[in-house]
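Chains as they are written, first to last, in the numbering used here: chain A, -9 to 183; chain B, 23 to 110.
The set of hints was computed from the structure by calculation and includes no laboratory data. Hints may be right or wrong, so weigh each one.
Claimed, not checked - A partial selection of chain A residues facing chain B, derived with a Cβ cut-off under 8 Å:
hint: 1; residue: Lys76
hint: 2; residue: Leu77
hint: 3; residue: Ala80
hint: 4; residue: Leu81
hint: 5; residue: Ile83
hint: 6; residue: Ser88
hint: 7; residue: His89
hint: 8; residue: Tyr90
hint: 9; residue: Val168
No residue lacks a Cβ here, since even glycine has one placed at the ideal position from N, Cα and C.
These are the residues of each chain, in order.
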Amino acid sequence: MIREKDKQLLSHIYRGKKIARRYMVTNGFDGTLTMLGMMTGFYVSGTKELGVAINACLGAAVALFVSGFSSAYLSEKAERQEELRKLEQALLIDLEDSHYGDASRYLPLLIASVNGLSPLSLSLIIVAPLFLAHHGILLPWSPFLVAIAVALICIFLLGVYLGKISRQFWLWAGLRTVFIALILVATILMFDI
Amino acid sequence: MTTTRKIVLDVLKPHKPNGVDFATALAQLSPDYHVRLSVVEMDAKTESVIVVVEGNNIAFDSVSELIKKMGASIHSIDEVEVHGSETI
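For reference, chain B alone in the conformation it holds in the complex (with noise of 0.2 Å):
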């Protein structure tokens, strides 16, 4: 059993919904997630964010069907901090 505890991902997204409520909007899917958010470059229509997501237990599956619904796509996936556990 392995837990995801930091990712790190490039995000292309709108401009709506702002840094703000896009951060929000992840961090409300588990109590426990501390989301970190970066503007790394604006355009006319898009911005590129650097997002930080951070937790016990990281469901990535959901994180990224949230941003897709945002409107945003996930360029690439920059850091990932996974602890394993012990087997018996």
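Excised from the complex, chain A in its bound form (with noise of 0.2 Å):
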């Protein structure tokens, strides 16, 4: 059961779930789209030693972490203390024991992890094709290609979740990320050499 006092801290915290979830789809799709261009490179390319690309797409996944983890906690913070500190004005009290010092101390946290975690998660699932195949496991096809489709599934998804938000038919939303997606396997493709 939630004490009254964290549901008072749940709803201030609660303000933040939309952005969360903004960020959640965006960095989402920055991840989905870094790790669909690396497995549309390697696999044009015929790259053939495994541990090479994994090695590359984690050093990516992680790259994105840190970055959407960073980014976002800095800039989140920078404007909870800024509302903090136009509230305390306000009121002209100290406000960092009440609620609201509390959100603005966990929320950015809160919104980090999401912004970080999202492409993370995402590239794993992308590069998982490339693991089972490294460790002997047969795939139907090369495990790039079964990586580019696990991409466009992905892609698929977000979009279709970003369907389900603004209430769109989530067939079109999420055909419509594809479309993107595959704009830029076309233009990847378009640059080989």
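Hints are included, so try docking the two chains, each in its own frame, into the full complex.
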């Protein structure tokens, strides 16, 4: 059972739900497209070394996590502190020990975690076929092609989720994001040397 | 031994939590608390409210601590009703 004081804190934090949701989609989209680009690049270049590809993808995934977490934390922290200071000026009291103070400390951490974990988790899902193939599990196609298919599914699901938020037809919303991903793949294929 | 039965407070609070949540949180401090809140003045970021707390034995410290925790401040104690008891 949630205590009343926690409810008060959650009601402040709840305001961050929309921000976290937006960050989850935008940075998740970033992470997925980055992985899709890398997989397409590896595939067209005929890379055979799965270990190298996995390390490169993991490096990019960790970089996306650190970048997402730190950028969101720093910007949200600054925003919350500014908001808290303005409210303190209006009320002429110190709000550090209030639910507002608690929320200004926890909300940036919550949003930063979402912003960092979203691209990291999606990247790990996309890299998974490479892991499986590297450990001797047979896949129906090239592991890079399977990873590209997984990335396209992830992008489609992100689109469907966006469609659900904006109350659009889910299939159209999903196909729209897949279309963007296909443009990315086509562009990389065009620059293939 | 005395018991505080009624306190009327002039409080300056932010818009959130709203009046319903604010009064509900105070009323949940004790099952016999009866809380009434009325808005006196509204500003861009704050609102002045009169909070009336009634009960059999009001713990003022808990009330003021929760008000502070919700980001509000007590400007004045406008009315108090205290009942004394007969001592032998």
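Each hint, compared with the structure:
no.	hint	in the structure
1	Lys76	holds (7 Å)
2	Leu77	holds (6 Å)
3	Ala80	holds (4 Å)
4	Leu81	holds (6 Å)
5	Ile83	holds (5 Å)
6	Ser88	holds (4 Å)
7	His89	holds (6 Å)
8	Tyr90	holds (5 Å)
9	Val168	violated (40 Å)
Of the numbered hints listed earlier, the single one contradicted by the structure is hint 9.
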